[in-house]
Amino acid sequence: MNYSDTSIAATTPFLSLENVRKTYPGVVALDGFSMEVRPGEVIGLVGENGAGKSTLMKILGGVTKPDSGTITVDGTAHDRLSVEGSLGSGIAFVHQELNLFDNLDVAANIFFGREPLRAGPLRLVDRAKLRTMVAPLLKRVGANFSADTPVATLSLAQQQMVEIAKALSIEARLVILDEPTSSLPLAETDKLLDVIKALKADGISVIFISHRLHEVERVADRVVVLRDGMLAGTLPKSDIGHDQMVKLMIGRMLKEREKASEAARAPGATALAAKAIRTPAYPGRPVDLDVRRGEILGLAGLVGSGRTELARVFFGIDSKLGGALELDGKPLALASAADAVAQGIFLVPEDRKLTGILLDLSIAQNISLPNLPAHARRSLVSSSAETATAEKQKKDLGIKAPSVQTRTGTLSGGNQQKVVLGKWLAMNPKVMILDEPTRGIDIGAKAEIYGLMRALADAGVAVLMISSDMEEVIGVSDRIAVMHEGQISGILDKDRFSQENVLLLAVGKQPK
Amino acid sequence: MSKKDLGLLILILVVGAIVAIINPRFLLPINLANTSNLIGLFGILSIGQAFVIITGGIELSVGSVVALLGTLFIDFIAVRGMGWPVAFVLILVLGAIIGLAHGWLITRLKLQPFVVTLCGLLIYRGVARFYTGDGTAGFAFGQNFPDLEFLTAGRSYGVPNSFIALIVISIVMWVVLHRSVFGRYLYAIGKNEEAAKYSGIRTGRVVIAAYVICGVLTALSAIYFAMYTRSISPASHGQFYELYAIAAAVLGGFSLRGGEGSLIGVILGTVLLQELQNLVNLLGIPSSLNFAVMGGVILIGVLVDQQWGVFRERRLMVDATRKSASGAAAE
Numbered sequence: 001m002n003y004s005d006t007s008i009a010a011t012t013p014f015l016s017l018e019n020v021r022k023t024y025p026g027v028v029a030l031d032g033f034s035m036e037v038r039p040g041e042v043i044g045l046v047g048e049n050g051a052g053k054s055t056l057m058k059i060l061g062g063v064t065k066p067d068s069g070t071i072t073v074d075g076t077a078h079d080r081l082s083v084e085g086s087l088g089s090g091i092a093f094v095h096q097e098l099n100l101f102d103n104l105d106v107a108a109n110i111f112f113g114r115e116p117l118r119a120g121p122l123r124l125v126d127r128a129k130l131r132t133m134v135a136p137l138l139k140r141v142g143a144n145f146s147a148d149t150p151v152a153t154l155s156l157a158q159q160q161m162v163e164i165a166k167a168l169s170i171e172a173r174l175v176i177l178d179e180p181t182s183s184l185p186l187a188e189t190d191k192l193l194d195v196i197k198a199l200k201a202d203g204i205s206v207i208f209i210s211h212r213l214h215e216v217e218r219v220a221d222r223v224v225v226l227r228d229g230m231l232a233g234t235l236p237k238s239d240i241g242h243d244q245m246v247k248l249m250i251g252r253m254l255k256e257r258e259k260a261s262e263a264a265r266a267p268g269a270t271a272l273a274a275k276a277i278r279t280p281a282y283p284g285r286p287v288d289l290d291v292r293r294g295e296i297l298g299l300a301g302l303v304g305s306g307r308t309e310l311a312r313v314f315f316g317i318d319s320k321l322g323g324a325l326e327l328d329g330k331p332l333a334l335a336s337a338a339d340a341v342a343q344g345i346f347l348v349p350e351d352r353k354l355t356g357i358l359l360d361l362s363i364a365q366n367i368s369l370p371n372l373p374a375h376a377r378r379s380l381v382s383s384s385a386e387t388a389t390a391e392k393q394k395k396d397l398g399i400k401a402p403s404v405q406t407r408t409g410t411l412s413g414g415n416q417q418k419v420v421l422g423k424w425l426a427m428n429p430k431v432m433i434l435d436e437p438t439r440g441i442d443i444g445a446k447a448e449i450y451g452l453m454r455a456l457a458d459a460g461v462a463v464l465m466i467s468s469d470m471e472e473v474i475g476v477s478d479r480i481a482v483m484h485e486g487q488i489s490g491i492l493d494k495d496r497f498s499q500e501n502v503l504l505l506a507v508g509k510q511p512k
Numbered sequence: 001m002s003k004k005d006l007g008l009l010i011l012i013l014v015v016g017a018i019v020a021i022i023n024p025r026f027l028l029p030i031n032l033a034n035t036s037n038l039i040g041l042f043g044i045l046s047i048g049q050a051f052v053i054i055t056g057g058i059e060l061s062v063g064s065v066v067a068l069l070g071t072l073f074i075d076f077i078a079v080r081g082m083g084w085p086v087a088f089v090l091i092l093v094l095g096a097i098i099g100l101a102h103g104w105l106i107t108r109l110k111l112q113p114f115v116v117t118l119c120g121l122l123i124y125r126g127v128a129r130f131y132t133g134d135g136t137a138g139f140a141f142g143q144n145f146p147d148l149e150f151l152t153a154g155r156s157y158g159v160p161n162s163f164i165a166l167i168v169i170s171i172v173m174w175v176v177l178h179r180s181v182f183g184r185y186l187y188a189i190g191k192n193e194e195a196a197k198y199s200g201i202r203t204g205r206v207v208i209a210a211y212v213i214c215g216v217l218t219a220l221s222a223i224y225f226a227m228y229t230r231s232i233s234p235a236s237h238g239q240f241y242e243l244y245a246i247a248a249a250v251l252g253g254f255s256l257r258g259g260e261g262s263l264i265g266v267i268l269g270t271v272l273l274q275e276l277q278n279l280v281n282l283l284g285i286p287s288s289l290n291f292a293v294m295g296g297v298i299l300i301g302v303l304v305d306q307q308w309g310v311f312r313e314r315r316l317m318v319d320a321t322r323k324s325a326s327g328a329a330a331e
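Those sequence lines, one after another, are chains Y and H. Position 441 of the first sequence, counted from 1, bears residue number 441 in our numbering, the numbering being contiguous throughout. Position 142 of the second sequence, counted from 1, bears residue number 142 in our numbering, the numbering being contiguous throughout.
If you are wondering where the hints come from, they were derived from the structure by calculation, not from laboratory data. One should not assume that every hint holds.
Unchecked claim - Listed next, the in silico SDA-like pairs over lysine to any residue satisfying Cα-Cα at most 25 Å (straight line):
no. : chain 1 : residue 1 : chain 2 : residue 2
1   : H       : Lys197    : Y       : Arg278
2   : Y       : Lys247    : Y       : Gly413
3   : H       : Lys197    : Y       : Thr387
4   : H       : Lys191    : Y       : Ser383
5   : H       : Lys197    : Y       : Leu327
6   : H       : Lys197    : Y       : Pro267
7   : Y       : Lys330    : Y       : Pro267
Note that this is a predicted model, so its numbers are computed, not measured.
Could you build the full structure based on these sequences and the hints that come with them?
Written out as structure tokens, the structure reads:
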């Protein structure tokens, strides 16, 4: 690859799509979409869930065949790409869900299936050569770990670096990052954005898909906005801004973050109190924390700082190793999640698809599940009672679905999250714990979920929100508790909210 | 009745018609009565298995439990002189205890169902053989239990009472599986145990209950089998019965991953298996081929079902694409 002729490099796109159309049963996923990517260009691709981003990625990866349109890669026009064709022309993907074997080491992952072999009939892997091949790749992505590190011991950002190194190993010319930062804490996100800049410096193009608009703002040379399968607009570098992107994404201006009323709220009585709680993740570090009625307490911190583990103890999934829990001043013993639910302590878990809902069950069945005996007569489920409860939640929360009998697996992420909320809202929460409640959710649904949390707090519920999204923590919380390596490193009141203070506490330093 | 169940029913009727044409003895009342007796015996067993499979588990010790509890039952009433109703209840309680033990090992000690019940398969068979000194448990000459014999091996209006028992149990268990809160929990756990737990369901208790139900139904069928054979050599009695039960569930549309299947399905699966056994006998196929025929039919059945699903999905896609394309053209 030679990009010395910059005039050609700047004018000839590496990839261009023209009038690409793709329909699925009942849906037009892409409707005459066109875009181009020039060598060494970082494109920010944004759009609400369901705007057609995934379909676009599938077409570029050769997994899906478009109905019509042209895809030109490196000067060659195609009707469609095959998986091999896509890979062969240097298009590499780093998916939101990483495709690494965590039981193998870094080198084995990068060259999986393409290992250098030693001479001889046994086809043994030449481990020495493998290491020398991997080292420069790791250096390029700025990795601070070695080739023989087991992937299981790496952080998420480091695993993403391995994926990017893998892309470099096939001499990728276009790296597509699908929501790479959605599960990364702030400090690690910075590293990843640096890697993107390094790729760009090497003349490699990048398509960066993200819901986190301020990150797009930081790295993109150009932003392409998708809406309803169509190109809603392209923003040149000078015009990239949060509000412009949102406007194009939803077709109107939206006050995204619901501002807490400026009048100071009188804090309510303590609902849930943790007294020197020790969790299995950090057995040597006791946690003290009060969640008060009527407040949204933001729980910030780096991924791995022990926030989710604390929530699991509050919800009775894990048993505490020491300390005591109190609910409304009375001792609270939790042997299982069922005990927590019986006390009105509910959790909206981090992993919606694995633990939040049952994808194969209908909306109504999911919503009634925690409170099924109340929807039954003589132990027999009453489907009319079930439907009534679900209809009410569907209406209150604005769940978009043909009916409450719809399988939740077919809903968008935001609507699935609303089903999770609906099942708890139907049963009078006392303490509501939400773990990354808006991850992977589009902007419109995000605002609605913030509104719901505020309404819960106003109704006297104690709301504990775990979030790695700094803007969200600062914009939504009434108080912010920050965790660092298993302990609460500090609690900020509203007048001391700032990104800097949260970050300082998250890395274990004192705020200003 | 789902489409899957309906397909299975049609298959049963078609196979039945073919066998009847080739060998009209198939429709003789004596043959039908014998076959429906066996359907009753194996059906009770298979329903129990189905409750475990729906949670994503498996129960491999069924055959050995049939041998052990059958041996004990005959020993209790024929040798130890226990009243049969007492022995009857005692055997059911023993079945429940076995299920409880399995469920406890699986949910509390986190052992895999396959491992736990495989060990059960070996242990109960061994205990049964030891108990009889590797002999045969049976009744002495002239020993009679008229009421018990009527209930288990007798007939009402020509219909075997074991078959009637199956129908009663099926109706009760249908309600439990498809209409009750407990049934909903079973499906939820089978689909995604973790999510069920996060919804506040005490998943451990529900899974244990499934194994207890399986244990009790297996114990009940053990009594029926004992009264049907009237003598038991524990080394071979009930061998492979767990596989009949699993096969019936799989034929009936159950997924071994859990969360899928219907009660009607497992009953129809049992009916088809017994029909095949009968077919082997009536069509003069060497009985040594018995298992091969069963295995072949199950394989074909599962294959057809799976391919049919793929075909239907594709047709739906094509239809919908056509519809949206013509809709777009109309605009």
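Against the structure, the hints:
The suggested pairing of lysine 197 of chain H with arginine 278 of chain Y holds, with an alpha-carbon distance near 22 Å, which does not exceed 25 Å. Among the hinted pairs, lysine 247 of chain Y with glycine 413 of chain Y is consistent with the structure: their alpha-carbon atoms are about 21 Å apart, no more than 25 Å. Annotation: proposed proximity of lysine 197 of chain H to threonine 387 of chain Y holds, straight-line Cα distance about 22 Å (limit 25 Å). Proximity of lysine 191 of chain H to serine 383 of chain Y is assessed by CA-CA distance (about 20 Å); at most 25 Å being required, the pair is judged to hold.
Simply put, lysine 197 of chain H and leucine 327 of chain Y have alpha-carbon atoms about 21 Å apart, close enough for the 25 Å limit, and the pair holds. The straight-line distance between the Cα atoms of lysine 197 of chain H and proline 267 of chain Y is roughly 33 Å, outside the 25 Å bound, and the hint therefore fails. Our distance criterion of 25 Å between C-alpha atoms is met by lysine 330 of chain Y and proline 267 of chain Y, whose separation comes to about 19 Å.
Hint compliance for this structure: hint 6 is the single one not met.
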